[in-house]
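These protein sequence lines are chains A and B, in that order. Under our numbering, the first residue of the first sequence is numbered 1, with each subsequent residue one higher. Under our numbering, the first residue of the second sequence is numbered 79, with each subsequent residue one higher.
Please keep in mind that the hints were generated in silico from the structure rather than gathered at the bench. Owing to the predicted nature of the structure, the values given are computational and were not obtained by experimental measurement. Do not rely on the hints blindly, as some may be mistaken.
To be verified - Under the rule of at most 30 Å between Cα atoms (straight-line distance), these lysine-lysine pairs were calculated in the DSBU-like manner:
1) A:Lys53 x B:Lys401
2) B:Lys91 x A:Lys38
3) A:Lys53 x B:Lys90
4) B:Lys91 x A:Lys41
5) B:Lys90 x A:Lys63
6) B:Lys91 x A:Lys28
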Amino acid sequence: MERLSQLAINDEGFIFDPYTGNSYTTNKTGILILSELKNGKSGEEIAKITSEKFNIEHSVALKDVTDFIEQLRSLSLL
Amino acid sequence: MNNTIYEKPIIKKLQTGFMNKFGTGVFKRIRKDIDGVAIERLVEQFGSPLFVFSEKKLRGNYRKLYNAFSNRYPNVLFGWSYKTNYLDTICSTLHQEGAIAEVVSEYEYKKAKRLGIDGKNIIYNGPFKTMESLKEAAEDGAMINIDHFEEIQDLENVAKELNKKIKVGIRVNMDTGIVPQWSRFGFNIESGQALDAVKRISYGGHLILNGLHCHIGTFILEPNAYSQEVKKMVEFAYKVEDEFGYKIEYLDIGGGFPSKNRLKGVYLPPEVVVPSIDEFAEAVCDTLLENLRPNDFPKLILETGRAIVDEAGYLITTVHAIKRLPDGTRSYIIDAGVNILFTSFWYKFNIEMDREVSGTAEPSVIYGPLCMNIDVIDESVNLPPLERGTRLIISPVGAYNVTQWMQFIMYRPSVCIISEKGEPLLIREKEDMEDITKREILPEEYELKK
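Just need the whole structure built from these sequences, with the hints factored in.
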């Protein structure tokens, strides 16, 4: 989680990583997941929050959160 | 309740220093129907995956091609290339349009006759013609184009047996300025081999040479290659007529015209790269008229397959699973594999979705369902995040796939046609266990004890 706490994220989804100098862009769902990950929430908890916020099925949210975490991992942000 | 529209979460690295030339716009290729019939209705009726042919497109393509040539030359005949697609309904539709049959094996010959095509209206090509089929074709009066010297001998034996002279054509090959040169079929003109074949036929005295056949290659993008072909065929025909006294009644220039499909490794879209059929027709017919003697109009036969049927065929598939690869690339597993999409090895297909999907498109891989590493339908296609169950419509797939497809670990799917009236009709049923196992024999001693 330490890597994530280093990231600067604005409301529009622009992300700056001062550690590598890389920039990223994400969407609203991505911002939500990132901020909850920073708060130390687990994937399951974030899926619950996401499904409630966007009114989508929990199973869909759980799959998408898992996929997003995989994306973060492939970008070495986790 | 929150009304915010949900988008699947994505994160994308920004590339500084590079121009974002193409942007990442929303994926716009949506196809909700084929000829007015909803994709979902087709899947409900016939299942997924499903090959779908458009009668409207098929007839339209045929007429466009036929008219391109017949408007420029007075004596044109099309032979439908069975190997490109020999589904009964496809062949029948093209025969209704006026095409005769062009076959390259005993099986295809019998399939054409089974459909009701008279032997006289069958062009029999190919390097492997059995004695039985040669005899049948000779009796029927089919147009037989000889591929090699052994076949001359075979046909002479048939002629002796039938006690009649048989009219034949010979297949020739030549340098038309393109690579690869298809030199394995027929007799080479430049080396003198084709003339030797004529001498041999003349010497035997049992066959009458009345036609020349050639096919310079496949997916030819250069109209000038056809000019070369026609010029050399006409020159050779007159040489044969002048030196041996035969009358060459037909010049069969084969096919090989490209469809509007995108070859892998070609950057520009097919609309830019593929010449129009009028350019090919002009190259062929102008060269004919420039080189033929006055009032001599031998029959011009064309065996175009791909250019007629490819764009009339679609494959509806369904996303079965979504997987993130270790390098971060999104991948999809769909229900149709390369075993039923043979042309995926050289085409980059047009892939459309059956619905609007919000979210940023990203380069994704599409895998088939086979438990084989080679089963890749597209290595990189820009797609927004798709849900399981999304239908992907792949096209053009009408040429070769339903003849070269291979049964492998699952059943081959149904094939339907959308009639000109807009009615979806089943033209080939999905296979079942019986189709696959009925030729197997399990000797008693191998049976499992119950």
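Quick rundown of the hints versus the structure:
no. : hint               : verdict
1   : A:Lys53 x B:Lys401 : holds (25 Å)
2   : B:Lys91 x A:Lys38  : holds (19 Å)
3   : A:Lys53 x B:Lys90  : holds (23 Å)
4   : B:Lys91 x A:Lys41  : holds (24 Å)
5   : B:Lys90 x A:Lys63  : holds (19 Å)
6   : B:Lys91 x A:Lys28  : holds (16 Å)
Violation of the numbered hints given earlier is absent; every hint is satisfied by the structure.
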